[in-house]
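The chain contents come next:
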Amino acid sequence: MKLRATSEDRVTQIVLIGLALAFLAFFLLLPLVAVFSEALAQGVGPFMDAVHTPDALAAIRLTLIIAAISVPLNVVFGIAASWAITKFQFPGKSLLITLIDLPFSVSPVVSGLIFVLLFGANGLIGPWLAAHDLKIIFAVPGIVLATVFITFPFVARELIPLMMEQGKDDEEAALSLGASGWQTFWHVTLPNIRWGLLYGVLLCNARAMGEFGAVSVVSGHIRGETNTMPLHVEILYNEYDFVGAFAVASLLALLALVTLVAKSVLEWRFDLHSGASH
Amino acid sequence: MISVRNITKRFGSYAALHGIDLDIEPGEFIALLGPSGSGKTTLLRIIAGLEFQDSGQVLFDGNDVSGLKVADRHVGFVFQQYALFRHMTVAENVAFGLQVKKRRDRPARAAIRDRAEELLRLVQLEGLGGRYPGQLSGGQRQRVALARALAIEPELLLLDEPFGALDAKVRKDLRRWLRDLHKQMGLTSIFVTHDQEEALELADRVVVMDHGKIEQVGTPEEIYMNPATPFVSHFVGETNRMAGQSGEVHFRPHDVDVVGEGGEAVLVDNVFRKGGVWRVEGALVETSLFVEIDLDAALPQPRPGETIRIVPRRSRLFNPEGGQA
Amino acid sequence: MTFKRQSILPGFGPSFGYTVLYLSLIVLIPLSAVFLKSSTSGWSHFWQAIRSPNVVAAYRLSFGASLAAGLISVALGFLIAWVLVRYSFPGKRVVSALVDLPFALPTAVAGIALTSLYAPNGWIGQFLEPMGIKVAFTSLGITIALVFIGLPFVVRSVEPVLADLGKDVEEAAATLGATRYQTFARVILPAIGPALLTGFAMAFARGVGEYGSVIFISGNMPGKTEIAPLLIVTQLEQYAYAGATAIATVMMLASFSVLLLINWIQAVSRQRMGA
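Protein chains in written order, with my numbering: chain V, 1 to 278; chain E, 1001 to 1325; chain S, 2001 to 2275.
In case anyone wonders, no lab produced these hints; they're calculated from the structure.
Worth double-checking, as some hints may not be accurate.
With a straight-line Cα cutoff of 25 Å, these simulated DSS-like cross-link-like pairs (lysine-lysine) come out [claimed, not checked]:
hint, chain 1, residue 1, chain 2, residue 2
1, E, K1101, E, K1169
2, E, K1172, E, K1274
3, S, K2092, S, K2167
4, S, K2167, E, K1101
5, E, K1183, E, K1169
6, E, K1213, E, K1169
7, S, K2167, E, K1069
8, S, K2167, E, K1102
9, E, K1172, E, K1183
Small disclaimer: the values here were computed from a predicted structure and weren't measured.
Generate coordinates for the entire structure from the input sequences, incorporating the hints supplied.
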């Protein structure tokens, strides 16, 4: 009798593991495999062609630009917010944290809607923008705004629990030794949080590049101008260009895989909390 | 009567227990005493059925229970971290063992409730039945754990460093309280501890263990006055060591006389009052070995830098192999 | 009485100020635009918009499918979390990473992948079609897509609580005579109940508002397989801001209620279990 007193017998364990793996494979793995399979359904040639069309390249470029703008913005915010929240005591702290989480609980379409209501042709500031010949909705600035909104919480959510756990001791020690605020932040805080920060940046970036619903509402789907990669996928799919759609989709799927691998490596090497804050 | 015959247990390549033999009389309060890694907790868990031995037998009243699951061994177990069910009230915790009995053995709901209340009264936690463990202090939680274990009317009570997670004052109080409870109930009990003071204070007999082996079994008096091995001598009570002709001489700080001439010379380093004695810390002049000596506080206080001469009143000689000479 | 307690660390002013400013500009003001618009368009308009049959059908679909998917996610998610926390097997780290796939994969990519799988000639659809089970372009397909989305929420919510539970609590139950099943039902399950509820609530809230993963597989037949977010989009395309806002307001109220529910569950369980 080699069993532990409080575990299921080996047979039950194997059955449960098998079931769990089967469901995971069915629900999660299969779709992922399907993306790559469909993309290469007609061979590598058509695949490469599909990702090199002018529209596809424009979509890729736009997606990268959007990410390059929104991620740094939210990183700065994330750092500022977690510094204020974790190193100081003030009333309303948990309210603030809840507010930061708001974009998470709002539907992507609604996230786009709110900017249309503000900046759209019939929106609150719409007429003023039209008068000054400024386009936000159906133009790149609108897409940036919507993306910033959607990815708003990601960095802060990673940093806040991490910095809460690390406490203030290191910073107070540095200050007592004569360091200035900036020096303390740069030489003490930043190194402590760098892996959590990287992790948050990865997630923020993945979402920024992959956002669909919100961007769909604000972009106007103008090919070559306001189409991001996910929108381009939709257009191709609706035109029954399946290879094309899946080809571009597979690039995004590849990004997702890279994000997952990097996340795993970071968790394994540096023992970050996995998943508790999602 | 609980017996353990030739128990061995390995964890991978690490041998936790090397052939343990032990007999425990009904109603005894036994302490398994030893440092971390001595195997004492492993032995306790094997008796409980939470671990399984690689070879050897565990006998309850002559019956080999090695094949019995822990749930069928009818032992009460108190964990170091209490292991209370945090989502249940105190009363529900205590009643748990009765609730999970098989239908034909299960008492009526009212009977279970009464028994839970009775037990809470026994551990002096009356009226706290409706609270949750998270709302209690450490000492209170441990008493709930005890009440819960007693609810199933076990024939054997096992406690794994029950006071390890508590403050010193709470520990002392609970120790005394446990001793009284045992006197009242007469339940055969085995508890594991690394605190020799605790073992000496509570137990009828002490089992001193080290590196998976039993070093000595005896009453607290026997263990303290007649340590069988250098390990026991060191681990239990304070010990001074001195080189002898054919081995090491061990003596206790208070088993010492100060003499005018002869004996061993000690260079005094530090002196402070400890209760009714002077605690003198110093070094043997000849070997520079550290010694601690307790002298009657009625005598004049030795001064640091002074040299005094001492003769051990009682001592034990251990030959180089660790046996008694 | 000062706003914040004394601290020797500098930078509170700037960091807090910037945080509040950024939060207001990016999140609070835009969000309030929804309620602003709702209130200015008048109550009757609002009521009319959300009472139309298509809208009601969409609500029923979105909420219903999210509920069903949430329940399925709870069952499967619990199983997966259990296996990941309790057992060891080769490739466990890969499996654990896989659970996060729906977080990392763009919703549109998931959407077209799921559609192609369950279409009549798809890898799975081709087996189900002859059996009379239609998945693509039905509410069943929508539910499956929402399970894809919701599963990680449950797993990640349950995992830390399960890991935290500690072996000794189960051993205690065993010493008290409980069978393995009793230990599971009376000790383990109740202890992770709050986490399961939280995971369900998050999966549900996400499901109601989900767009990209669902829009392709749903088929978008008015009155039958239109999800609520789609209706918002079609209203916007017709510049019917008021109508879109009305529908959105209801959805947002639902999301916020769920958020509040989650907070409440966590607060109660924190109070009970002790900090």
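Hint by hint, here is what the structure shows:
With a CA separation close to 37 Å, the supplied pair K1101 of chain E and K1169 of chain E exceeds the 25 Å bound. Pair hint K1172 of chain E plus K1274 of chain E holds up; C-alpha atoms about 19 Å apart against a cutoff of 25 Å. Of the supplied pair hints, the one linking K2092 of chain S and K2167 of chain S holds, its CA atoms being roughly 21 Å apart against a limit of 25 Å. For the hint pairing K2167 of chain S with K1101 of chain E, the CA-to-CA distance comes to about 22 Å; that is within 25 Å, so the pair holds.
Between the alpha carbons of K1183 of chain E and K1169 of chain E the distance comes to roughly 22 Å, so the proposed pair stays at or under 25 Å and holds. Taking the CA atoms of K1213 of chain E and K1169 of chain E, the gap is near 32 Å; set against the 25 Å cutoff, the hint is violated. Straight-line distance between C-alpha atoms of K2167 of chain S and K1069 of chain E comes to about 17 Å, which keeps the hinted pair within the 25 Å bound. The hinted pair formed by K2167 of chain S and K1102 of chain E meets the criterion: a straight-line CA distance of about 24 Å does not exceed 25 Å.
Restraint check for K1172 of chain E and K1183 of chain E: satisfied, since their Cα atoms lie roughly 17 Å apart, inside the 25 Å limit.
In this structure, the hints that do not hold are numbers 1 and 6, in rising order.
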